[in-house]
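These are the residues of each chain, in order.
Protein chains: 2
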Amino acid sequence: MNLTEYIESKREEHLSDLFEFLRIPSVSAQSEHKPDIERAAKWVADRLGAAGLDNIEIVPTKMHPLVYGESLHAPGKPTVLFYGHYDVQPPEPLDLWASPAFEPAIRGGNLYGRGTADDKGQVHIHIRALDAIRKTAGKLPINLKVMIEGEEEVGSVSLWDFVNANRARLKADALVVSDTSMLARGVPSITYGLRGLNYYQIEITGPAQDLHSGVFGGAAPNPITILCELFAKLHDSNFRVTVPGFYDDVAKLSKAERKALNALPWKASEFRKTVGAPGLGGEKGFSIVEQLWTRPTLELNGIWGGYTGEGSKTVIPSKAYAKFSTRLVPNQNPDQITRLLGRHIRKLLPKTVKFKLDVHSQGKPWVAPYTHPFFEVARRALEKGFGKRAVFIREGGSIPFVTQMHDTFKVPCILLGFGLPDENAHAPDEHIALENYFGGIKAVAQFYEGLAGL
Amino acid sequence: MNLTEYIESKREEHLSDLFEFLRIPSVSAQSEHKPDIERAAKWVADRLGAAGLDNIEIVPTKMHPLVYGESLHAPGKPTVLFYGHYDVQPPEPLDLWASPAFEPAIRGGNLYGRGTADDKGQVHIHIRALDAIRKTAGKLPINLKVMIEGEEEVGSVSLWDFVNANRARLKADALVVSDTSMLARGVPSITYGLRGLNYYQIEITGPAQDLHSGVFGGAAPNPITILCELFAKLHDSNFRVTVPGFYDDVAKLSKAERKALNALPWKASEFRKTVGAPGLGGEKGFSIVEQLWTRPTLELNGIWGGYTGEGSKTVIPSKAYAKFSTRLVPNQNPDQITRLLGRHIRKLLPKTVKFKLDVHSQGKPWVAPYTHPFFEVARRALEKGFGKRAVFIREGGSIPFVTQMHDTFKVPCILLGFGLPDENAHAPDEHIALENYFGGIKAVAQFYEGLAGL
Numbered sequence: 001m002n003l004t005e006y007i008e009s010k011r012e013e014h015l016s017d018l019f020e021f022l023r024i025p026s027v028s029a030q031s032e033h034k035p036d037i038e039r040a041a042k043w044v045a046d047r048l049g050a051a052g053l054d055n056i057e058i059v060p061t062k063m064h065p066l067v068y069g070e071s072l073h074a075p076g077k078p079t080v081l082f083y084g085h086y087d088v089q090p091p092e093p094l095d096l097w098a099s100p101a102f103e104p105a106i107r108g109g110n111l112y113g114r115g116t117a118d119d120k121g122q123v124h125i126h127i128r129a130l131d132a133i134r135k136t137a138g139k140l141p142i143n144l145k146v147m148i149e150g151e152e153e154v155g156s157v158s159l160w161d162f163v164n165a166n167r168a169r170l171k172a173d174a175l176v177v178s179d180t181s182m183l184a185r186g187v188p189s190i191t192y193g194l195r196g197l198n199y200y201q202i203e204i205t206g207p208a209q210d211l212h213s214g215v216f217g218g219a220a221p222n223p224i225t226i227l228c229e230l231f232a233k234l235h236d237s238n239f240r241v242t243v244p245g246f247y248d249d250v251a252k253l254s255k256a257e258r259k260a261l262n263a264l265p266w267k268a269s270e271f272r273k274t275v276g277a278p279g280l281g282g283e284k285g286f287s288i289v290e291q292l293w294t295r296p297t298l299e300l301n302g303i304w305g306g307y308t309g310e311g312s313k314t315v316i317p318s319k320a321y322a323k324f325s326t327r328l329v330p331n332q333n334p335d336q337i338t339r340l341l342g343r344h345i346r347k348l349l350p351k352t353v354k355f356k357l358d359v360h361s362q363g364k365p366w367v368a369p370y371t372h373p374f375f376e377v378a379r380r381a382l383e384k385g386f387g388k389r390a391v392f393i394r395e396g397g398s399i400p401f402v403t404q405m406h407d408t409f410k411v412p413c414i415l416l417g418f419g420l421p422d423e424n425a426h427a428p429d430e431h432i433a434l435e436n437y438f439g440g441i442k443a444v445a446q447f448y449e450g451l452a453g454l
Numbered sequence: 001m002n003l004t005e006y007i008e009s010k011r012e013e014h015l016s017d018l019f020e021f022l023r024i025p026s027v028s029a030q031s032e033h034k035p036d037i038e039r040a041a042k043w044v045a046d047r048l049g050a051a052g053l054d055n056i057e058i059v060p061t062k063m064h065p066l067v068y069g070e071s072l073h074a075p076g077k078p079t080v081l082f083y084g085h086y087d088v089q090p091p092e093p094l095d096l097w098a099s100p101a102f103e104p105a106i107r108g109g110n111l112y113g114r115g116t117a118d119d120k121g122q123v124h125i126h127i128r129a130l131d132a133i134r135k136t137a138g139k140l141p142i143n144l145k146v147m148i149e150g151e152e153e154v155g156s157v158s159l160w161d162f163v164n165a166n167r168a169r170l171k172a173d174a175l176v177v178s179d180t181s182m183l184a185r186g187v188p189s190i191t192y193g194l195r196g197l198n199y200y201q202i203e204i205t206g207p208a209q210d211l212h213s214g215v216f217g218g219a220a221p222n223p224i225t226i227l228c229e230l231f232a233k234l235h236d237s238n239f240r241v242t243v244p245g246f247y248d249d250v251a252k253l254s255k256a257e258r259k260a261l262n263a264l265p266w267k268a269s270e271f272r273k274t275v276g277a278p279g280l281g282g283e284k285g286f287s288i289v290e291q292l293w294t295r296p297t298l299e300l301n302g303i304w305g306g307y308t309g310e311g312s313k314t315v316i317p318s319k320a321y322a323k324f325s326t327r328l329v330p331n332q333n334p335d336q337i338t339r340l341l342g343r344h345i346r347k348l349l350p351k352t353v354k355f356k357l358d359v360h361s362q363g364k365p366w367v368a369p370y371t372h373p374f375f376e377v378a379r380r381a382l383e384k385g386f387g388k389r390a391v392f393i394r395e396g397g398s399i400p401f402v403t404q405m406h407d408t409f410k411v412p413c414i415l416l417g418f419g420l421p422d423e424n425a426h427a428p429d430e431h432i433a434l435e436n437y438f439g440g441i442k443a444v445a446q447f448y449e450g451l452a453g454l
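Protein sequence lines correspond, in order, to chains A and B. When you line the first sequence up against our numbering, it's residues 1 to 454, in that order. When you line the second sequence up against our numbering, it's residues 1 to 454, in that order.
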């Protein structure tokens, strides 16, 4: 029985083992689940041991433990660092789940339950792949380091303490993460690019206190109006960001990459349906895929000021606020973008108001050299595991962890995601498609085997 | 002893009588004060009787009683309808009052207490003036109808029931109201113009549901951005409203009126200080007084959409909202303004969103023919009562009652206000300046006497 046949023959065993993992309510944000967190860490450590890893450690941290294990018995072969997390999002609101969050249930080819997609199901894919290799080949043909944390949903603080204290020990030739999604059902995907994210809040102050719009209106500056005028000036009629220098560092897509991205089996009509707006907006001169993955944005995420209750109040408020963010693409520099933006806002605002610009967070964009041989092994492994053509994709979102790992270890990061975009990762009825779970185990096993051939 | 000397000699009596009135907590919005409302109505009726009026009625209504009285013993002389209200705003928050709201107290030349300025103190000015005329001249030299309601602070619904049922009985040559403010301390004023008010709420819908700004940002339309762009387009660089036709019906100020308004003893520096902003805005080409009283505005009163809590959320919301209003000046028509505005918004908004525009209320502007002889009598009466030059002013705010009375009876409305702009009419520590209270009694007595000479 070869590796794929072996994995195929153990479908019920894979699932029953995964059910055990999913039943542990390892909610990192809720302190009453602390014992469940400990239990989940122990469970992961046991399974890594059973899959043949050595030096298994449940590393205590200031918050939730991190599980580490390794297999370093393939001298001369590549070393991979695999990262995942065993903690999950809170399940609330409970009454919106069709079946209980921590009682896994299969319906319509999907496995439902908190953590199925994010990220227990995907971690389990690797555990089962390693176990299958051990059971069929006896030993792992490459060197592997595994790091599974328990704080991903609450900020990963302890992870970075661990990484910084163990740089040498964690050294690898590539980083593998399975915590993303495929482009669409039936399209196994490797994500090689993410946008960065700078997040800001602005406060505009006009009058020293709220004023009556009858008594003062017509002469007093209105901070809401001025906030609106500011944001209207931040895009031109082609929906390009007007901040001088904003696009200066944007790397031009190669012809080949642009062609590949636009040829992906991705349906604009489905995207339009998901958005559900009367029409789409976006920067002129770029396809939707290009707009989403390869172009920077400046987006209002929240706005408030004045009277927002029922009925009417004739007020000119003292202050108005907005939260907004820029998605960044290679090679934009988050610090530089903040500087340019701050300078431009200062220039645009009239002298009738004061403003305060807070930087909530900054995050770099990331793109991997997807022509690196590791990526080619991954692509072939996905095609073997799924029996379908695999594709290279980017994502419009941001995963600060990936960027930071890339910057820390300077090695290729390979995002092998087995979720689907509509699987409710942080919402009720989270699920994973069974075909992707099983396909994932086969693909990951092929990947670890394939790397040995490099 | 002449009328003025008589009034001057009774200062303590005026005050002790007013204290009685102020001590009744006639809060129309709070049902536990229903007995106090009844008590206040009875108190007013008693005093009108004592001042020599006939046919006194406490008119029951669906809510709070209205007090009516009249004196029609001067055939051939003008008939005046005086309006006021005996109900007051709730006193809360109680702990912000330096002395209890319903225990009148004198400090620094001011009388403190709920209702001192709005409107019991001003109603009492008329009661004491009538009483003084009766005590000195024996009888009122003009015809007078008095209507004091108990629902002004809760919408005046019963007032309009009464007015509509008694049109013939209420017929008069002029309406007199004392429920406004003087331009400034030491400047007795007659208000002859008010702006109208249309109030709107707009809802912009882009995506069918909230979207992740990473996954969808750059292609999905953002309703907050589009709302901002809409409002930015509603003013030009001179801060004129861009709605086509918006200014078409605005009556041009006469040279004389413009000159008079700009010559008022009004300090721009004090206005700037009250606003407290780094600078003023407003329509180019007009002085502050002109901007506030004679020019229409379009003002954002509230805005909200997306994430407005602590921290960051990377959302593109489905909807964004704003409340906004236009202040209208003669001869703008509120219906027409709503039509023009709706049409312009429809034209400005991109096809990527839907919108809903709700009209919360519409109200006409009002301006009185202040060259009418009644106004001249009022001006001279104020100068006699206060010993100071009196002025004609407008207000930027709106008093729907005045407009409606004007439209109902088609007679001049004379707003003799004895409050000051900073007397906290609806706030803790409401007060009236004693000099204006006493000056008011003398001025109103002179006014009623003076009208007999027409």
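Since the hints were made in silico from the structure, they are not lab data. Any given hint could be a false lead.
The list treats identical chains as interchangeable, and a pair is accepted whether it falls inside one copy or across any two copies.
Straight line, CA to CA, 20 Å or less: simulated SDA-like cross-link-like pairs of lysine to any residue [stated by the list, open to error]:
no. : residue 1 : residue 2
1   : Lys410    : Arg169
2   : Lys62     : Gln30
3   : Lys410    : Phe375
4   : Lys319    : Gln209
Quick caveat, the model's predicted, so the values are computed rather than measured.
Hints, verified against the model:
no. : hint             : verdict
1   : Lys410 to Arg169 : within (15 Å within a copy, 92 Å between copies)
2   : Lys62 to Gln30   : within (15 Å within a copy, 55 Å between copies)
3   : Lys410 to Phe375 : within (16 Å within a copy, 85 Å between copies)
4   : Lys319 to Gln209 : within (8 Å within a copy, 28 Å between copies)
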